[in-house]
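If you read the protein sequences in the order shown, they are chains A and B.
Here the first sequence stands for residues 0 to 617, numbered as in numbering that gives the first Met the number 0.
Here the second sequence stands for residues 0 to 309, numbered as in numbering that gives the first Met the number 0.
Each hint should be verified, as a subset may be incorrect.
Some chain B residues judged to face chain A by a derived CB distance under 10 Å, without partners named [stated by the list, open to error]:
#, residue
1, Pro10
2, His14
3, Ala15
4, Ala17
5, Phe18
6, Asn19
7, Ile20
8, Val24
9, Leu27
10, Glu131
11, Ala195
12, Gly243
13, Asp295
Straight-line distance between alpha carbons at most 35 Å, and here's what the computed DSBU-like set of lysine-lysine pairs gives [what the hints assert, rightly or not]:
#, chain 1, residue 1, chain 2, residue 2
14, A, Lys233, B, Lys217
15, B, Lys217, A, Lys604
16, B, Lys36, B, Lys65
17, B, Lys93, A, Lys233
Cβ pair distances, simulated, as ranges [stated by the list, open to error]:
#, chain 1, residue 1, chain 2, residue 2, range
18, A, Ala458, B, Ala104, 53 to 59 Å
19, B, Pro126, A, Ser102, 38 to 44 Å
20, A, Arg183, B, Ala104, 55 to 61 Å
21, B, Ile9, A, Glu607, 44 to 50 Å
22, A, Asp356, B, Ala104, 36 to 42 Å
23, B, Arg84, A, Pro221, 54 to 60 Å
24, B, Trp183, A, Glu250, 35 to 41 Å
If you are wondering where the hints come from, they were derived from the structure by calculation, not from laboratory data.
Glycine is no exception: its CB is placed at the ideal position from the N, C-alpha and C atoms.
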Amino acid sequence: MNRYPIWVYATIAVALLLGALYTLPNFFGEAPAVQVSPARATLKADTAILGRVEDALKKAGIQPTGMFLDLVGVKVRLADTDTQLKAKDVVDQALNPDTANPSYTVALNLLPNSPRWLAAIAQPMYLGLDLRGGVHFLLQVDMRAAIAKRAEGLAGDMRSQLRDRGIRHSGISREGNNIVVRFRDAETRDKARAVILEQLPDLQLADSSSGSELLLVASIKPEAQKRTQELALKQNIQTLHNRINELGVAEPVIQQQGSDRVVVQLPGVQDTAKAKEILGRTATLEVRMVDEDNMNPAALAAARGGQVPFGDEFYIERGGQPLLVRKQVVLTGDRLTDAQPGFDNQTHEPAVHLTLDATGARIFKEVTRENVGKRMAILLIEKGRGEVVTAPVIRTEIGGGRVQISGRMTTMEANDVALLLRAGALAAPMEIVEERTVGPSLGADNIKKGFDSTIYGFAALSLFIIVYYALFGVFSTLALCANLLFLIGLLSALQATLTLPGIAAIALTLGMAIDANVLINERVREELRGGATPQAAIHAGYERAFGTILDSNVTTLIAGLALLIFGSGPVRGFAVVHCLGILTSIFSSVVVSRGMVNLTYGTRKRLEGVSIGNTAWK
Amino acid sequence: MEFFKIRRDIPFMRHALAFNIVSLVTFLLAVFFLATKGLNFSIEFTGGTVMEVSYQQAADVDKIRKALDSRGYNDYSVQNFGSSRDVLVRMPLKPGQNSADLSKAVMESLTAEDRTATLRRVEFVGPQVGRELAENGALALLITSIGIVLYLALRFEWKFGVAAIIANLHDVVIILGFFALFQWEFSLPVLAAVLAVLGYSVNESVVIADRIRENFRKMRKASVTEIIDNAITRTISRTIITHGCTQTMVSSMLVFGGPALHYFALALTIGICFGIYSSVLVMAPLVRWLGVQREDLVKPIKDKKEEAVV
């Protein structure tokens, strides 16, 4: 009656083996390492880079303990943290001769120390930021600004479309997210409407009037708004990727969260100020024309005093020159695909090379053709405040989308401008709405405290259970150990992130999982007291307790799932471990402990008694 | 070893009214403190900045306050955190202020005062995120309650579902009452602890409900009161041992877990202690007053032979 078929024992054995295998890597710890990955999409991590890294290390006399190439890049394992720092500098110098514009990201990292055969099968648990130290940011994308910017861009498109067809209007202006076009007669308005509907499918139109003027009010269609928002988010994430590459972080996490948020996690980053500075640089880029008509000393002086001509804005160039720039945007940063520092082919002056996408190239060609000899301004807009990065004179019409800005620049300035243009190309401004920074010492502290509380709690619990339930207590304790093994194995196999609340959940799960064994043991005792034979008591104890165990675990699981669905941040880390722990505890406390009981008692024909503590009282 | 040698059923139900009055009073007290003092929400819910700063020697909190005052900060709080060398600086949200600049500026003024000050942790939460967290927390509580009632109604009977959730929400309110009374910080991990306790305490009710059902089948002649008394008496040793074991784990967290786990463990401790009380002495009387009967749990077995007769 208390025998399991062979397959149940086999299942338990396989589960224990898998649990042990996946838990094992967590015991080997981590070794300091240097990670080299390409900083640009055009570069690939290949064996050639592996060779170059190897040569650089050999020249410096550094002996790596291991070195391999994977999808991310080259990883070099080193003996200690001092060599790690040295190796990082050596590799950085060898691969990035131009420090201002690195081709490869060289970052400090930690690699699992487990032997190769094991590393091929299982990885250790991924430690959360609160355990390993690092920065966590939640960034909110300002979608209203993204839409407003799109409306401004569409207004520009409308202007050029109407001009191309020779349709005379008496003004186009943006009012909120709407674009209002004024006409003198209905016939022109009808013509314009046809053109706009055909050429700008993102807009929906409505007629209106104001005094004697006839108006056409264009608004962005909801689906186009949604598309704009999605694009803005995507581009911002891409830009964040580029910026974070500058920081040299080994395993950054950059993820979309919800419809307008981005999570950025930078494990192991110590220089949090720099990280914040680079991420917080919420700049957007705009190309506008300089208002040459008003660039006379009188108007500039008036503008300085606050009397800015209509449709213009007053700026001071980086060199200190005053400028009047038109409000109308010619191009935005999202038309810019790349910006690199370099040199002019003929004059060998430092220069910045820009690459525009197809639409950008077309607009740029048109604008430069009409404005040869005039100046255009490239502005960096940060939180509503603009700064003129550069204001070059247009020498000729520029087609093909390849633009060169040169003149009056040092190499350093060219580098700066290129970096600002490249990294500044955010589609919409972002704001940090949540931040968590954990220093590395606190992380180590948290691991120790979490670990200590689990171990001491577990020891006290085991001691009590063994004293109270004798051999059945030993089984319960072993079942609890198996539970721990399954849980950590499962967390490692799923590569779930372990946080401090996660460790707390492990401790709590163990404390709660004992409930099942207490239920069983109490029931067996009760059956024995009731006069059942030992074998029948074991059988009935497990059978009767099972329904109760299942019910109580389901209710705990309901609470766990609710936490998982609605929780965020630390709560989610808790909920994941809690839910997994409930599942593993049902298996271990019922099946595994029963297996041990069956192996010990089930085979005996004549069982005089079981070791479950005192049941003699009546 | 055996702690509980109870030979006769303990007449819990005889004193049900007294127990319920005690619960009602604690419950009302908890509600009173919640209403008058309110919860001391952490910045995760209210929004703001928290910085944990560590010093090499014992930190001089007054000096830190002076340093911050001289920089024109007000409305902040400075307190020791865990040890005398660590302090926690809390800053409320200010419109138009950048979190990155704030923590940097505060750190600069602290290092100017004492060179050994090192930043251990910064947490900043914007107002919108805080509101969402609070809403999601309330939603999680609601969904958990509904889920548990539905499950128990399905497995047992609606009376058990309702009685169990009232008993356990009573625990939740009492935990919150403690946090309000002592103005302990109510943070996200505490919320997680509260929900975990809710799920855990329901275990208790499930175990008793299971026994009540079993007794209805076995003890055909016994009255409802006798059945409930027997169910509680038979499970009391399991109840106390399980809670003792879980509490051992939680106490270990309370002792060794450091300040990060302190309030989490504290919430669990209160929950576990009141969990025993409420399942045994709140849920069971409620079930009786809701009028549970043998027929609710033991479905009459239909005689198939009769159906076969044409």
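Range hint compliance [Cβ, arginine 183(A) to alanine 104(B), 55 to 61 Å]: With a Cβ separation near 57 Å, arginine 183(A) and alanine 104(B) satisfy 55 to 61 Å, so the hint holds.
If you check the beta carbons of proline 126(B) and serine 102(A), does the distance land in 38 to 44 Å? Distance hint for proline 126(B), serine 102(A) holds at roughly 42 Å.
Is the shortest C-beta separation between asparagine 19(B) and chain A less than 10 Å? Where the cut-off is 10 Å and the nearest Cβ of chain A is about 23 Å from asparagine 19(B), the hint is violated.
Given hint isoleucine 20(B) near chain A, where the shortest CB pair must fall under 10 Å: 28 Å, violated
Within 35 to 41 Å: is that where the Cβ-Cβ distance between tryptophan 183(B) and glutamate 250(A) falls? 36 Å, holds
Okay, arginine 84(B) versus proline 221(A) on CB: inside 54 to 60 Å? 56 Å, holds
Under the criterion that the straight-line Cα-Cα distance not exceed 35 Å, is the pair lysine 36(B), lysine 65(B) satisfied? 29 Å, holds
Would the pair lysine 233(A) and lysine 217(B) pass a check requiring their Cα atoms to be no farther apart than 35 Å? 65 Å, violated
Does the closest beta carbon of chain A sit nearer than 10 Å to the beta carbon of valine 24(B)? At about 27 Å, which exceeds the 10 Å cut-off, the nearest Cβ of chain A leaves the hint on valine 24(B) violated.
Using the nearest Cβ pair, does glutamate 131(B) come within less than 10 Å of chain A? At about 8 Å, which falls below the 10 Å cut-off, the nearest Cβ of chain A leaves the hint on glutamate 131(B) intact, so it holds.
Per the CB criterion, is alanine 17(B) less than 10 Å away from chain A? Cβ of alanine 17(B) sits 28 Å from chain A, so the hint is violated.
Within a Cα-Cα threshold of 35 Å, do lysine 93(B) and lysine 233(A) meet the stated pairing? 30 Å, holds
Checked against the numbered hints above, the structure violates hints 1, 2, 3, 4, 5, 6, 7, 8, 9, 13, 14, 18 and 21; every other hint is satisfied.
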